[in-house]
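*Asks:* Each chain, written out:
Number of protein chains: 2
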Amino acid sequence: MTAESLGSEQSRFVADVAAKLNGFLGVQQETMATISPDVAPLMGSITSLVTGGKRLRALMCYWGWRGAGGESAHPDIITAGCALELFQAAALIHDDIIDRSDTRRGGPSVHKRFSQLHEGEGWALDSERFGHAAAILTGDLCLSFSEEAFTEIGSRAASGTAARRIFNLMRAEVMAGQYLDILEEVAGPVRDRAGAVDRAQSIIRFKSAKYSTEHPLALGGALAGASEELLQGYSAFALPLGEAFQLRDDVLGVFGDPGTTGKPAGDDLREGKRTVLVGFAINQAAADDSSYIDTMLGRQDLGEAEVAEIRRIIVDCGALEATEAMIEELSNEAFEALERLPLADLPLTALRQLAEAAVSRAA
Amino acid sequence: MTAESLGSEQSRFVADVAAKLNGFLGVQQETMATISPDVAPLMGSITSLVTGGKRLRALMCYWGWRGAGGESAHPDIITAGCALELFQAAALIHDDIIDRSDTRRGGPSVHKRFSQLHEGEGWALDSERFGHAAAILTGDLCLSFSEEAFTEIGSRAASGTAARRIFNLMRAEVMAGQYLDILEEVAGPVRDRAGAVDRAQSIIRFKSAKYSTEHPLALGGALAGASEELLQGYSAFALPLGEAFQLRDDVLGVFGDPGTTGKPAGDDLREGKRTVLVGFAINQAAADDSSYIDTMLGRQDLGEAEVAEIRRIIVDCGALEATEAMIEELSNEAFEALERLPLADLPLTALRQLAEAAVSRAA
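Chains as they are written, first to last, in my numbering: chain E, 1 to 363; chain S, 1001 to 1363.
Some hints could be false.
Coverage of chain E stretches by chain S, computed from C-beta distances (three or more under 8 Å per stretch; other residues unrestricted) [what the hints assert, rightly or not]: (1) 74-83; (2) 118-126; (3) 186-199; (4) 334-343.
No lab work stands behind these hints: they were computed from the structure. Idealized CB from N, CA, C, for every residue including glycine.
Work out the full structure, taking the sequences as your base and the hints as a guide.
*Replies:* Quick look at the structure:
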């Protein structure tokens, strides 16, 4: 009974968000068409990016709203979901430039799409540079759209509301967190090794946990007028959940199956990501192995043999085990906090399912 | 009398915007400090960038507001000026990455500041890549701040208001215009030469004229409740003014004195900007000279001799003269439209002064 109504309600919300995104981008497309047909690829990139995805953030927001007594299928929560999806698309576009990731969900990333357009058309100068420039602008446009959608909510998201404060904080924190992430890639090798795990944990808190789970859930709650107490309860659940989610992502970034993740194996290692997993390895591995990781991380030309060797070190020194134990611990913390939440059956079950999917996924 | 009160009123507004920016960024800095002391350079870059500048957009907005009957020193117009300055800073940060400009107002651009930080600290991996990544994130943060400030205006800028529509349109159009600009750099050489001037004019309309003058003036007017008729009158003045302003900028980008502009001589040529000035040259110069420009544009290694040769071609074929004539014509159109505006003496004089400074500046 509950499972059935939950599934259909959730599917309906996802469909409503998709329809709203479609309508919103359709209106934007009309404006763009008055400027020049040449700008179509910017809109095409954004549309294609918001079409896929797990919609984790929109769903967290939805159940945060429902848990706080918001009506199902209310236009405000659909619009909020739409704003979160647009923000995520903007973040992914710029992220992929920063990480030099040429693939996204099994297809070319936005900067790669523009490089390919350049090459296909036989344009002058450098195709890669054009790709990066066009993707910076596409991400900026998408970031503006996200805010435009959020403002469409109207009075519940107006200046001074709790929802607006959460939305602003979410954006600032994820950008700061991303910066800490790229900083650790370059500064990590010359900073103290003992602090590597702590720094990596701080990074995932801001760039991922707060952004992917804590803030979306709180945003939904705030839009429905949740009490401060409920918001604190949400946070006690969503923050450890988000950390576990990102730790799972980090494990998949090194050990995931490319066929399932849609990313080449070992891409996180080539990007030089200094994750908690890597932090444990650097601290626990023998000196030689630890130096090997330090030398190899961030090398674009990392081959299969090197990736396999780094994996071996991570497994043998117990870093994978330590990370899995941390995921387990954070998951338990999240699920215990979830059961303490004063929620009706439906949102409680929905959040439990989302949480289970987040920490046990393979992609 | 008028000159004196105008000067003091304008100085007061500029000081109010600076103080508001200071307060706004101070609050943001407190949030950032709770994340990590490592994120300080992001805030430092933004603060340093909004400290300088001509404040053209904020002033257009102010006099648009005053012309439509808005009170002097009203908090809403100060906040709007602040939002425009933050938006401009965000645009400059990403622009400088796109154009590979290492200098901004005589100092290092943001991506260059981060590269220098990387080198100074002796960090690992590539300093240039780190600089670009950090500047993408700093621009994103600044873009979010801009919107956050704009929303602080409250009801006059709420969802559905004319001011919000203008702000949204301004952002979308400038990003689309920037894309057309980088597209022309790469696609221009293989597109028809006869259309080069028209395409360059369309680019400056969207990336510059609408953004720098038309929309800020309309925004101020809309915030003060201007009639549709007044907004149309504003546009008839500000659009040709903005085009003349950008044409002047393009001339300075090739012929300007580096000591005054704060940019190396010929930087626009190295960036491969296909401006109206260049479009005229490609159409009017002899075939050899035209091909020379096509070959040299966008080459990062362009030396003084090549820059001098391109200048010679631009002058000899009459492209400079044609561009100056266009500036003259657009200026006349703008000033005539200005005199038709039903404005009080003070805003009329102020807009006249701003317009004169915009089209006759040397930097």
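*Asks:* Could you tell me which of the hints above the structure violates, numbers in ascending order?
*Replies:* 1 and 4
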